[in-house]
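Novice: Chains A and B are the protein sequences, given in the same order. The C-terminal residue of the first sequence carries number 424 in my numbering, and the numbering is unbroken. The C-terminal residue of the second sequence carries number 424 in my numbering, and the numbering is unbroken.
No wet-lab data here; the hints were simulated from the structure. A portion of the hints provided could be inaccurate.
As the list makes no split between identical chains, a pair holds if one copy fits it or if it spans any two.
Below 20 Å or equal to it, Euclidean Cα-Cα: the simulated SDA-like pairs (lysine to any residue) are [unchecked claim]:
| no. | residue 1 | residue 2 |
| --- | --- | --- |
| 1 | K160 | E48 |
| 2 | K115 | L98 |
| 3 | K115 | Q95 |
| 4 | K13 | P200 |
| 5 | K217 | R32 |
| 6 | K397 | V107 |
| 7 | K52 | I210 |
| 8 | K217 | V228 |
| 9 | K217 | L25 |
| 10 | K2 | Y18 |
| 11 | K87 | V107 |
| 12 | K397 | P199 |
| 13 | K16 | A70 |
| 14 | K80 | E410 |
| 15 | K290 | Q421 |
| 16 | K16 | F313 |
| 17 | K259 | A229 |
| 18 | K115 | N317 |
| 19 | K41 | P199 |
One letter stands for each residue in the lines below.
There are 2 protein chains.
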Amino acid sequence: MKIYQQSLTEMKKIVKRYTQQTTDLKIETSVREILANVRQKKDQALREYELKFDQAKIQDFKIPAEQLTAALNEISPALKQALEHAKRNIISFHQMELENGFIDTRVSGIIRGQKVTPLQRVGLYVPGGTAAYPSTILMAALPAKIAGVDQVIMVTPPQKNGIAPAVLAAAKIAGVDAVYQVGGAQAIAALAYGTESIPPVNKIVGPGNIFVATAKKQVFGQVAIDMVAGPSEIGILADKTADPQELAADLLSQAEHDKRARAMLITNSLELAQKVSQAVDEQLQSLPRKEIAAASVADRGFIAVMNSIPEMFALMNEVAPEHLEIQLADSAQYLSLIRNAGSVFLGRYASEPLGDYLAGPNHVLPTGGTAKFSSPLGVYDFVKKTQFIQFSSAALKADLADITQLARTEGLEGHARAVEQRFK
Amino acid sequence: MKIYQQSLTEMKKIVKRYTQQTTDLKIETSVREILANVRQKKDQALREYELKFDQAKIQDFKIPAEQLTAALNEISPALKQALEHAKRNIISFHQMELENGFIDTRVSGIIRGQKVTPLQRVGLYVPGGTAAYPSTILMAALPAKIAGVDQVIMVTPPQKNGIAPAVLAAAKIAGVDAVYQVGGAQAIAALAYGTESIPPVNKIVGPGNIFVATAKKQVFGQVAIDMVAGPSEIGILADKTADPQELAADLLSQAEHDKRARAMLITNSLELAQKVSQAVDEQLQSLPRKEIAAASVADRGFIAVMNSIPEMFALMNEVAPEHLEIQLADSAQYLSLIRNAGSVFLGRYASEPLGDYLAGPNHVLPTGGTAKFSSPLGVYDFVKKTQFIQFSSAALKADLADITQLARTEGLEGHARAVEQRFK
Chain A
1 MKIYQQSLTE
11 MKKIVKRYTQ
21 QTTDLKIETS
31 VREILANVRQ
41 KKDQALREYE
51 LKFDQAKIQD
61 FKIPAEQLTA
71 ALNEISPALK
81 QALEHAKRNI
91 ISFHQMELEN
101 GFIDTRVSGI
111 IRGQKVTPLQ
121 RVGLYVPGGT
131 AAYPSTILMA
141 ALPAKIAGVD
151 QVIMVTPPQK
161 NGIAPAVLAA
171 AKIAGVDAVY
181 QVGGAQAIAA
191 LAYGTESIPP
201 VNKIVGPGNI
211 FVATAKKQVF
221 GQVAIDMVAG
231 PSEIGILADK
241 TADPQELAAD
251 LLSQAEHDKR
261 ARAMLITNSL
271 ELAQKVSQAV
281 DEQLQSLPRK
291 EIAAASVADR
301 GFIAVMNSIP
311 EMFALMNEVA
321 PEHLEIQLAD
331 SAQYLSLIRN
341 AGSVFLGRYA
351 SEPLGDYLAG
361 PNHVLPTGGT
371 AKFSSPLGVY
381 DFVKKTQFIQ
391 FSSAALKADL
401 ADITQLARTE
411 GLEGHARAVE
421 QRFK
Chain B
1 MKIYQQSLTE
11 MKKIVKRYTQ
21 QTTDLKIETS
31 VREILANVRQ
41 KKDQALREYE
51 LKFDQAKIQD
61 FKIPAEQLTA
71 ALNEISPALK
81 QALEHAKRNI
91 ISFHQMELEN
101 GFIDTRVSGI
111 IRGQKVTPLQ
121 RVGLYVPGGT
131 AAYPSTILMA
141 ALPAKIAGVD
151 QVIMVTPPQK
161 NGIAPAVLAA
171 AKIAGVDAVY
181 QVGGAQAIAA
191 LAYGTESIPP
201 VNKIVGPGNI
211 FVATAKKQVF
221 GQVAIDMVAG
231 PSEIGILADK
241 TADPQELAAD
251 LLSQAEHDKR
261 ARAMLITNSL
271 ELAQKVSQAV
281 DEQLQSLPRK
291 EIAAASVADR
301 GFIAVMNSIP
311 EMFALMNEVA
321 PEHLEIQLAD
331 SAQYLSLIRN
341 AGSVFLGRYA
351 SEPLGDYLAG
361 PNHVLPTGGT
371 AKFSSPLGVY
381 DFVKKTQFIQ
391 FSSAALKADL
401 ADITQLARTE
411 GLEGHARAVE
421 QRFK
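Put together the whole structure using the sequences plus the hints.
Specialist: Here it is as structure tokens:
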């Protein structure tokens with residue numbers, strides 16, 4: 001791996017290059033056309049696009065409910081047990097995210113408050129082929145269910161040999177209400193606008209390729225979306241107390257996702273840097289997804305050697321990684337130094353794949369520096385808030401002069417008169 | 001006003017027509033060009049656009065801090081008092097929105113939790129001219145300050161006679177850290193990418209015209225944004241116990257905002273519908289913003305007469321109005337029937353402008369049906385969450401089999417090996 005030994009200022013510039021986002025106008029135009037067609041021609045457009053893009057002739061988009069139940073028996077007992085185990089931990093973690101409304105009656109004659117209401121229907125996009133991860137279905141559907149969403153529906157591209165039993169079993173275990181075989185931008189359009197077969201949703205979540213991501217961005221406003229997901233990332237902060245083989249294995253566990261995945265180590269030890277770099281090269285040799293991981297490490301991976309632990313944190317907060325491992329002596333003490341990260345793994349035994357699968361926190365996380373302003377997928381993504389007030393006549397009267405002052409300052413005479421009308 | 005007497009099914013179709021969103025490809029293209037130019041040429045591009053669009057030659061974008069302080073003395077004592085009053089109520093309401101993280105230590109050897117961190121820098125867009133509302137500055141800046149945001153900066157288009165003292169005074173009272181005179185899509189670009197004069201922010205909030213809204217949508221992903229705001233709306237649910245003159249005045253208080261504003265009354269009384277329609281026509285005559293309000297009422301306003309209170313709520317939840325007034329006998333009892341609304345005004349004395357200015361809940365609210373999936377602007381908009389876990393060796397070992405099972409099912413051998421590496 002490339003090892004940098006630069007000043008903090010210089011390194012901040014260097015890491016910026018690794019997070020540049022690009023847009024592709026050609027893809028934007030073709031996605032816009034797909035959205036418009038599906039909006040207008042609904043199921044007919046979906047069928048045409050599925051034939052064109054997935055070589056699939058679809059009669060019924062909806063997978064029969066019995067097929068989901070059957071899938072539970074098609075997967076191995078060991079896989080079923082692992083999925084059920086993950087489900088329990090995801091539920092016990094995400095229940096802590098449930099929000100309550102509030103009511104304020106401190107001032108006589110005035111009631112103010114906020115209520116929390118679940119969204120009615122949510123759509124989950126699940127990519128096809130090798131990127132169809134059963135674990136992601138649990139991570140996206142369970143928080144929606146905990147929030148109280150009435151209906152969670154899932155779309156996923158049709159597959160030559162049918163949708164994988166592991167995917168359908170995960171949907172069943174997560175309580176997904178309906179699964180539709182349709183993918184790409186056309187699936188996003190169906191979720192946003194609705195078709196004869198697929199009901200429109202209030203929010204679309206889940207990862208997807210560039211067409212799916214572009215379509216999500218274009219329908220944003222019509223429906224809510226989670227963040228537009230970029231390639232996966234891991235950032236590790238480690239000192240000489242860390243085990244180079246373990247760090248290398250964790251870096252590669254992200255690098256194997258995608259050629260554009262980013263594996264980053266920031267350390268204060270040149271010796272550790274060199275050992276990790278060597279261990280990465282060695283471990284790469286026997287990795288089944290060697291080709292992908294090697295490209296990711298070569299093009300997008302780096303090790304930065306800094307002068308101090310505060311510098312290490314300053315640089316990592318600039319990166320704002322999706323996954324952040326802290327492998328320093330006494331890792332937990334640094335929790336307050338972390339400003340920007342999606343999910344944090346403290347200490348030697350919090351290896352990143354533990355969080356991907358089993359620990360319970362969400363693995364749908366902000367990427368590409370968006371951890372500076374966004375959160376892991378959570379129960380809070382599936383509710384919205386409504387404010388309310390009730391005033392007595394006396395309470396309104398006491399505020400009358402200030403309300404009309406502000407209204408008339410803003411040139412909104414009708415606002416002033418509406419309040420005055422109460423006292424005519 | 002147009003009075004409908006249709007079935008619920010028919011009315012649901014009719015209200016849909018009132019919420020259709022449109023996109024304008026020409027504006028999208030010109031905004032894209034502005035964004036790219038500002039990203040590349042920074043201040044120089046800003047100066048060119050300000051000359052072109054606002055006929056303003058700008059040397060320094062930043063308004064000197066002394067000018068904000070001076071503005072406090074330029075406004076009337078009555079206005080200053082009203083702004084300070086509004087500030088107190090906004091703070092006392094929004095403090096109830098503050099979120100805590102959590103930590104879970106129920107299982108031996110396992111620590112799981114979530115911490116809440118404020119965004120570092122936030123940008124507030126304030127429109128120019130007659131749409132420059134001091135009240136909106138309080139509503140947007142104060143929740144950010146309560147959340148703990150380090151720096152809140154504001155952009156607003158240059159004005160021929162300088163930015164209005166009321167606007168600068170509100171910025172000062174709200175604790176805005178810096179004000180820059182730049183507007184339109186170019187201001188959004190400056191906030192998203194940063195220039196020599198204007199630092200980049202993590203989130204952009206605040207209303208604006210179609211260029212501002214389009215620019216916000218295009219930079220979404222690079223930074224966070226609040227919802228793309230549409231024209232203002234009021235929905236009123238009333239029965240024969242309500243006062244027609246008061247309802248008419250409240251409907252007009254929204255209609256006067258914008259020709260595209262929507263004023264809607266849903267009732268179970270044809271008699272009330274007719275009286276309100278007549279009162280609207282009468283009150284319109286003497287309204288200073290008569291031309292705007294009349295166009296809004298004629299083109300976008302309506303009264304729907306339904307058969308029952310449950311039908312009234314069913315239709316209103318389909319509309320999902322920005323502002324919802326409930327003027328029924330014993331209004332508060334209906335709180336649980338409200339599914340989709342931004343802000344709710346219960347009973348006769350909760351006139352909508354009370355919420356616009358003084359009650360304390362936010363007036364930056366979801367419009368155009370987006371209350372189905374989004375919330376009023378709040379403290380929660382200016383924080384993000386970071387998960388964390390720490391496991392003991394024994395706790396990780398207990399989960400090893402299920403983690404590797406899931407990793408290998410998903411074809412991610414590197415994930416399995418990273419965890420196994422701990423026990424080599």
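Novice: Reference check for the pair K115 and Q95, CA-CA at most 20 Å: within, between, both, or neither?
Specialist: both (18 Å within a copy, 15 Å between copies)
Novice: Cα distance capped at 20 Å. Does K259 pair with A229 within a copy, between copies, both, or neither?
Specialist: Answer is within: at 15 Å inside a copy they meet the 20 Å cutoff, but 38 Å across does not.
Novice: Using 20 Å as the alpha-carbon threshold, which applies to K160 and E48: within, between, both, or neither?
Specialist: The answer is within: 17 Å in one copy meets 20 Å, while 55 Å across copies does not.
Novice: Evaluate K217 and L25 at a C-alpha cut-off of 20 Å and name the case that applies: within, between, both or neither.
Specialist: Close inside one copy (13 Å) and across copies (15 Å); limit 20 Å.
Novice: Using 20 Å as the alpha-carbon threshold, which applies to K80 and E410: within, between, both, or neither?
Specialist: Result: close only across copies, 14 Å inter versus 62 Å intra.
Novice: With identical chains, the pair K16 and A70 could be close in the same copy or across copies; at 20 Å between alpha carbons, which is it: within, between, both, or neither?
Specialist: Neither, since 48 Å and 40 Å both go past 20 Å.
Novice: Using 20 Å as the alpha carbon limit, work out where K41 and P199 are close: within a copy, between copies, both or neither.
Specialist: within (14 Å within a copy, 45 Å between copies)
Novice: Can you give me the call for K290 and Q421, within, between, both or neither, at a CA distance of at most 20 Å?
Specialist: For K290 and Q421, only the inter-copy Cα distance (18 Å) is at most 20 Å; the intra-copy one is 74 Å.
Novice: With identical chains treated as interchangeable, where does the CA-CA distance between K397 and V107 reach 20 Å or less: within a copy, between copies, both, or neither?
Specialist: within (14 Å within a copy, 55 Å between copies)
Novice: Can you give me the call for K16 and F313, within, between, both or neither, at a CA distance of at most 20 Å?
Specialist: within (16 Å within a copy, 50 Å between copies)
Novice: When Cα atoms must be at most 20 Å apart, do K115 and N317 count as within-copy, between-copy, both, or neither?
Specialist: between (34 Å within a copy, 15 Å between copies)
Novice: Tell me, please, which holds for K217 and V228 at an alpha-carbon limit of 20 Å: within, between, both or neither?
Specialist: both (7 Å within a copy, 13 Å between copies)
Consistency note: the structure conflicts with the earlier hints numbered 12 and 13.
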